[in-house]
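S.K.: Below, each chain spelled out in residue letters.
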Amino acid sequence: MNRIIVDNNLRSWLKELAEKYTLVAPVTSDGVTLFKHVKGSQVDSLDLQYSNTAVSPKGCFFPLSETMFSIGSDGVNVIAPVSTDREVVIFGIHPCDAAGIALIDRVFLAEPTDTHYKEKRDRTILIGLACNAPSPECFCPSVGGGPANPMYLDILLTQTSAGYIVQATTGKGKELTPAARMEEKDIPLPPPPHVTPVPLEGVSEMMRRNFDSPYWDRVADRCLHCNICSYVCPCCYCFDIRDYMGKDKIDRVRSWESCQSAGFTMIAGGHDPRPTKGARLRQRWYHKLLYFPELFGDIKCTGCGRCVRSCPVNIDIREIITDVQKLNV
Amino acid sequence: MIETIRNKAKEWLEKNDGGCVIGYERASDGMTARPVFIYKPYMVGSLIFDETCVHNLSKYLLNRRGLKTAIVVKPCDSRGINLLINEHQLDRESIYVIGVVCPGMKDAHFGRIEDRPLSKCRVCLHHTPAVYDVLVGEPQPETASRDYSDVARIEGISIHERNAFWKEQFERCIRCYGCRQVCAGCYCQECFVDELDPLWVGIRSGPEDNWIWNIGRAFHLSARCIGCGECERVCPVGIPLMLANRKLEKESADLFDFEPGMDAGTAPPFATFLKEETLEKVE
Amino acid sequence: MELTYEPRIVGFLCNWCSYAGADLAGTSRTNYPANIRIIRVPCSGRVDPLFIVKAFQLGADGVLVAGCHPGDCHYSDGNYHTRRRVGLLRPFLDYLGLDKARLRLEWVSASEGKRFSEVVSSFTDTLIKMGPRSS
Ligand code: SF4
Ligand code: SF4
Ligand code: SF4
Ligand code: FES
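Residue numbers (our numbering), protein chains in the order written: chain F, 9 to 337; chain X, 3 to 285; chain Y, 15 to 149.
Hints may contain errors.
Unchecked claim - The calculated label-pair distances, taken between Cβ atoms and stated as ranges, are: (1) F219/F to S160/X: 55 to 61 Å; (2) Y252/F to K169/X: 16 to 22 Å; (3) M144/Y to E173/X: 20 to 26 Å; (4) D86/Y to E144/X: 38 to 44 Å; (5) G278/F to E144/X: 34 to 40 Å; (6) G145/Y to S96/X: 53 to 59 Å.
Note that these hints are calculated values from the structure, not bench results.
Quick caveat, the model's predicted, so the values are computed rather than measured.
Cβ atoms here follow ideal geometry from the backbone N, Cα and C, with glycine treated the same way.
If we strip away everything but chain F, and leave its shape as in the complex, we get:
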C-alpha cells in the first residue's frame, strides 16, 4: 500500500504551503527553467515534468552573492546581515540535486561550520520529485544516486497514473505530509526510468597516476575557462570575497568563483600556482574525481549532466572518466 496524492490536492497543498513558507520551485520563462520563489497564484502553472533546471538549486543555501556582514561608517560597528526565520520549502527538486546539497553539506557543515550556509540549510525543507525525464547525458546511478532515490530529501513524490506516491523519509517530512489530502492505494512504485551508466571503477586511482599526463593540456586546448560548468553544477562550491564600499557601510560580499577562471589562484606578488589552461582544467576534474573522494569517500558529482549539456565546447565528464581509465601511465 502506498499513500497517493492526486494532482489537484497536490496543488492545493502547495498553495497552502506558499502561505506559511517561502516556496521555491522550478519555473520556466523565456524557455529557461530555474528554481525561483513562487507565489500561491503561480502554483497552478508549475510544470512538474521538467528535466533538470539550467542552474542547480545550490544557490538557495550558497547564494550567487551574499553579504556576510557589514561594517558601519565608524569602521568599528559590525552589522550582521538581516536574516528571516521564515522557513523555506523547495518543491520539485530532483534526487540528483538533493544529492548535490548533501555533498556541499559535508564541506560547509563540517567543523568549523559555515554559519551562513547552515542558517539557510536548517530552515529549509526539501520536497523532491522523482525524475521521469532523465536526459541522455544524465548518469546519476553511476555515482550512487538514482532518478527515484529518496535519500537526502524530506519527502519524495513519484508520479504514477493515479497520482503521486508520497514517501516521507525524515521527521520534518513526516510532519509536513498532508494526511487529509492523501489516500492509501494499492499502487506500487513504478520502476525508475533507464539512465545510461558510466563506468567509474578505479577512476580515482587512475587519476592519481595521471596527474602529469599531457592529456589535460590537450583537453584544455578547447576549454574557454568560462566557469559555466562550475556555476551550473550542484556540488561545485568555490567562492571569492570582496569588500564593497557603500555610502554608510562597507559590505563584505561572498560570490561564486571557479577554479576555471584565470585569476582564481593568483596570490599576492603575482604568483599563480596554476598558471596554464591545462592546470586549471585539470583541477576541476581532480577535485571531483580524486581529492574529494580522498577526503570524504565519494566522487563529487551527482551525475546531473548539467556541465555536459552547458559546456559550450563539449568538455564531457563522462568522456573524461572513460579516457582517464585508458591512459598509459
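Following the hints, complete the assembly by docking chains X and Y with the ligands onto the known chain F.
M.R.: Only chains X and Y with the ligands this time, still in chain F's reference frame:
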C-alpha cells in the same frame, strides 16, 4: 567539401612542423560538432564540417599568438580574424585561413539539433569568408537587405516596457562570463569587471551590478562585434545578448557607416572621427 | 503639499574649457542650479562610457559631459572621440530603458560662464519635468 578541408589541413601540417590546425570534430553526443586541435597530419581524418559547426574558432587564435596555426572559419568567424589583425592582436603571416562558404547553421545544442536555422544565420548577410588563404566552396552572393526586425520590436515598445524587459533579462545573469570568454573581441588583459581598484563591478551579482556588467560588455563591443552570436549561444541562462549587440551594430552602421571585421585595414569608428560630424548627426 | 524634486546631475567637465567655464560662472556670480555635482576630468575624451553608466548605477538622474568646442580641444582630438562615444551610448541606453534625454553632451568654453549656467538650468528643468528615474 570535407575532403578538401582535410587535404588542405594535411598539406599545411606537413609543411609546418609544430603547427596546429583548429577545426571541428564530432562531439560526444555523436551528432553535433566541437572544436578540435590537430597537431599531426595523420589526425586530420577527425575533421568534419556540417550544419552543426556553430562555434566561432577565431577566439582560440589568441591562445596561439605567434605560433603557426591553421584555422577553419565560416564567413562570420572570419571577420573575427580581421578584427584581431586590425586591432594588432594577431599577425596575419602566422595564420593560415581555411575559409568555408557557409551553408547556414542549424540551431544545434548538445544532444539536440533543432530543425531551424541558428538565429544569427537568419540575419546573416555575407556567405563567403572575408579573409582566407584557401576557399572551400563556390563564392555565394551577399544577402542585400538587412533585417533588424528583432531590434525594431524592442524599439517599438515603450521606454518603461524596455526598462522592465531588460531588467528581467539581466537579473538572471549568473555572471559566469561565458559570454566574455567565448568572444573574439574580449581580450583585455584585465576586464573592467575583474578590476579591483577601483572596484567598478567586481564579482558581486545583483540586479544593479548585472546591469552595469551587461551594458559594459555590450558597449565595449560596439562597432567591434562581428555578429557571430557566440555570447548568446553559450549563455547558460538564455539572455538574448545579440538583441543588445545588434542595436549597437545597427546604430554604428547608420552613424559611422562601418561593419566590423570586413577588412583588416579600415580604422574602427572609435579610433577615428570626422571633424565635420555634428552632434545632431550622431544624435 | 507637493514635495519638490531635486534631480542629481553628475557633470564631467574638461579641465581646459568647461571646468574653467563653470569657474567663470562662479566668479562672475552667475547663478546655476546646485543640482550638478562636478567632476573635473583632464579632457572630455577621458570620459569612459563606464563612468557614465556607473554614475547612473549609483543613482544619478542625469549625466552631463562637457568639453571644449570642436576644434578647441587642448589635446586637439579628445572631444571628437567623445562625440562619437556619447553619440552611440545615448541611443543604446535609451534602448535599454534609460531615456536618452538624461545624458547630455555640451560644448562650453572657458569664456562661456553664462552658457554653462544656461546648460545646467535647462538640463535641470528637463530632468524635473521627467521626474525621478523609475529604473
Ligand atoms: S569545461 Fe566547458 S564549461 Fe567548463 S570552463 Fe571549460 S569551456 Fe567552460
Ligand atoms: S560535475 Fe557535471 S554532471 Fe557532475 S554534478 Fe556537477 S554539473 Fe552535474
Ligand atoms: S553568459 Fe549569460 S549568465 Fe554568463 S555572464 Fe554572460 S550574460 Fe551572464
Ligand atoms: S581638453 Fe577640453 S575636450 Fe579635450
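S.K.: Lying within 55 to 61 Å: is that true of the beta-carbon distance F219/F to S160/X?
M.R.: Distance hint for F219/F, S160/X holds at roughly 58 Å.
S.K.: Between G278/F and E144/X, is the Cβ distance one that fits in 34 to 40 Å?
M.R.: Taking Cβ atoms as reference, G278/F and E144/X lie about 48 Å apart, which means the hint is violated.
S.K.: Between D86/Y and E144/X, does the beta-carbon spacing fit 38 to 44 Å?
M.R.: At roughly 43 Å between Cβ atoms, E144/X and D86/Y fall inside 38 to 44 Å, so the hint holds.
S.K.: Given a hinted range of 16 to 22 Å, is it respected by the beta-carbon distance of Y252/F and K169/X?
M.R.: Holds - the Cβ-Cβ distance for Y252/F and K169/X, about 21 Å, lies within 16 to 22 Å.
S.K.: Taking 20 to 26 Å as the hint, is the beta-carbon distance of M144/Y and E173/X inside that range?
M.R.: holds, 24 Å
S.K.: Could you tell me whether the CB distance from G145/Y to S96/X stays inside 53 to 59 Å?
M.R.: Holds, since G145/Y and S96/X (Cβ atoms, about 57 Å apart) stay within the stated range.
Hint compliance for this structure: hint 5 alone is broken.
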